Amino acid sequence: MPFYPLTLAGRAAAPLRAGLVTGLLAALLIAAPIAEAASPAGGLWPCIQPRVDNLAAAQMWDGPPIDGLAWRDDAAVADLVPVLAARRTPIEEAGTRVEDFARQAGADKNKRLTLLFAGVFDQINGLRTRILTGIERYSKHQIGLSDRIRAESLEVAKLKKAASTDADKTKAADAEKQLLWDTRIYDTRAQAVNAVCESPVILEQRAFALARAIRAQMD
Amino acid sequence: MTRRILLSAGLAATAGLMVMAETLPAQAQVRAFVTNERDHTMSVVDLDSLKVIETVKTGRRPRGITASPDGKLIYVAASDDNRVEVYDSKTFKLVKTLRSGPDPELFVLAPSGNPLYIANEDDNMVTAVNVENNELVAEIPVGVEPEGMGVSPDGKYLVNTSETTNMAHVIDTATNEVIENILVDSRPRVAQFNHDGTQLWVSAEVGGTVAVIDPKDKWKIIKKIGFEIPGVNKDAIQPVGIRITKDGSKAFVALGPANRVAIVDTKTLEVEKYLLVGQRVWQLGFTPDEKLILSTNGNSNDVSIIDVGAEKVTKSVAVGRSPWGVVMVP
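Those protein sequences? They're chains A and B, same order as listed.
In terms of this note's numbering, the numbers along the first sequence are unbroken and rise by one, the last being 677.
In terms of this note's numbering, the numbers along the second sequence are unbroken and rise by one, the last being 1460.
Since the hints were derived computationally from the structure, they do not count as laboratory data.
Please note that a few of the clues may not be correct.
In silico DSSO-like pairs for lysine-lysine, Cα to Cα no more than 27 angstroms straight-line [what the hints assert, rightly or not]:
id, chain 1, residue 1, chain 2, residue 2
1, B, 1350, B, 1286
2, A, 567, B, 1442
3, B, 1354, A, 569
4, B, 1346, B, 1376
5, B, 1346, B, 1364
6, B, 1442, B, 1403
7, B, 1346, A, 569
8, B, 1403, B, 1348
9, B, 1350, B, 1220
The following label-pair restraints were derived from C-beta to C-beta distances [stated by the list, open to error]:
id, chain 1, residue 1, chain 2, residue 2, range
10, B, 1403, A, 506, 32 to 38 angstroms
11, B, 1260, A, 548, 47 to 53 angstroms
12, B, 1232, A, 550, 37 to 43 angstroms
13, B, 1262, A, 548, 47 to 53 angstroms
Partner residues are not named here, just some residues of chain B that face chain A (Cβ under 7 angstroms, in silico) [to be verified]:
id, residue
14, 1361
15, 1362
16, 1389
17, 1393
18, 1409
19, 1430
Note that the coordinates shown come from a computational prediction; the quantities given were computed from them, not determined experimentally.
Glycine included, every Cβ here is placed at the ideal spot set by N, Cα and C.
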């Protein structure tokens, strides 16, 4: 029986874990209100990687400060930032877009490249923060599910023992089926956790690569 | 927008090759060997073309790497296969394997080229192996979770750091006994002597410092060097790899997730400069002429090439996943 419980957000069922995780994260993210972004980690953080709330620009950038820069006021920057930040834009292509931007940036090249990094950093950092919240919600759901599985397995044992009529046996079989489904969902999600946890790392890698590409264009 | 970004998001690593427009001094036929911890491979980088010319499959989880004094052999610690692999530096073929004791991470070759001293994290030992015949020369009990390994230029002293006891253990190689224990800061990672043996540098990853020790004065700590980078959280400054120039003037210290290499004046023991390299910079290695130093960047999956004279990063070269160590031979 093909069964991919995590293919959410309307994706076609894909047996690959990467697809599964991507879909899962998308769904979590859509549901994640930004207001929750600052929620404390508590005991919900399921990843080996330490939870770092925010990226630090200084870890990837040794150019001029970017605090409080109004990058959206520069129309070309505002247009380019989402393209660069989007993970579907291959990093090589992003590099070319940065070079094109630098060529056309005019006398204020360094200033505008700094704005560009400010925008990329804002965007990726924001996205990353929402993913962190999504991962914690995912973890919370797993904890809930494991409690349910525990209760269900006790119930199945009890029903099976007490089953004397056909109706009782059907009831026990139904309960057992539910238990199997829930266990399967739990296992699939547990297997995906490592890849889910890699997601913030991948975003940080992207921010770093873009910072380097932008910085390389500055005089 | 956000939804579209994520739906289209691939999980492929974004190791990019971002090139700065600067030429490098010629390094005739010098090759860098880089262990890629997560790929179970070793990248061979040609330093003329700055391209990966070969990716060699190694044992599992290759970490520590060094070369024989004549540059003909490359030693790789295959941590999860519990052995040391020896490769021919010209043909890149596996020549033989050596015993290593359990979970070898870091090792150091005696200046003469034999034996190889290996830190065994799991059983609190340093194993000395004869590289010619694979015989066990000694097993030296040290502190809990031995890690960094350094040997004095005359080969008389071996220094091992232990992660858990926060100590550098000095071992007399004539007797294979610990003769001194030096308390340093939290989680010491790497021990490195300078070339005339007048200083021993020990990095403390969690402590965020590098202790400079005087071997001639009862192994006393001369100074603990701290690091500060504006805008970078203290926790992210995690000193690991250390290399000191042969003339003894400059030391390079890799600072982990601070993504910087610090350049330290070895006379004043002050930090002169921080260079932004790649993500989670781990180990360092000089070219034989010391014109260049390379850093392995574990999270950006590349090596940065630093011009030692100009004190500038000139280029980054993408290698495998989680590059760990680097060694260069002519």
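Given the proposed pairing of residue 1354 of chain B with residue 569 of chain A, does the C-alpha separation stay at or below 27 angstroms? This hinted pair is violated, its Cα atoms lying about 39 angstroms apart.
Would you mind confirming whether the straight-line C-alpha gap from residue 1442 of chain B to residue 1403 of chain B stays at or under 27 angstroms? Since the Cα atoms of residue 1442 of chain B and residue 1403 of chain B sit roughly 10 angstroms apart, the hinted pair holds (cutoff 27 angstroms).
For the pair supplied as a hint, residue 1346 of chain B and residue 1376 of chain B, is the alpha-carbon distance within the 27 angstroms limit? holds, 19 angstroms
Has the hinted range 37 to 43 angstroms been met by the Cβ atoms of residue 1232 of chain B and residue 550 of chain A? At 42 angstroms between Cβs, range holds.
Does the nearest C-beta of chain A fall within a distance shorter than 7 angstroms of the C-beta of residue 1430 of chain B? holds, 6 angstroms
Given a hinted range of 47 to 53 angstroms, is it respected by the beta-carbon distance of residue 1260 of chain B and residue 548 of chain A? For residue 1260 of chain B and residue 548 of chain A the Cβ distance comes to about 50 angstroms; the hint holds.
Can you confirm whether the C-alpha distance between residue 1350 of chain B and residue 1220 of chain B stays at or below 27 angstroms? violated, 42 angstroms
If I claimed the Cβ atoms of residue 1403 of chain B and residue 506 of chain A lie 32 to 38 angstroms apart, would that claim hold in this structure? holds, 33 angstroms
Tell me if the interface restraint on residue 1393 of chain B is satisfied: Cβ within less than 7 angstroms of some Cβ in chain A. Violated, because the Cβ-Cβ distance from residue 1393 of chain B to chain A comes to roughly 14 angstroms (cut-off 7 angstroms).
Is the shortest C-beta separation between residue 1409 of chain B and chain A less than 7 angstroms? Holds, about 5 angstroms.
How about residue 1362 of chain B: closest beta carbon in chain A under 7 angstroms, or not? With Cβ-Cβ at 5 angstroms, under 7 angstroms, it holds.
What's the verdict on residue 1346 of chain B and residue 569 of chain A, does the C-alpha distance respect the 27 angstroms limit or exceed it? Given that 27 angstroms is the threshold and the Cα spacing comes to 53 angstroms, the pair is violated.
Of the numbered hints listed earlier, those contradicted by the structure are 3, 5, 7, 8, 9 and 17.
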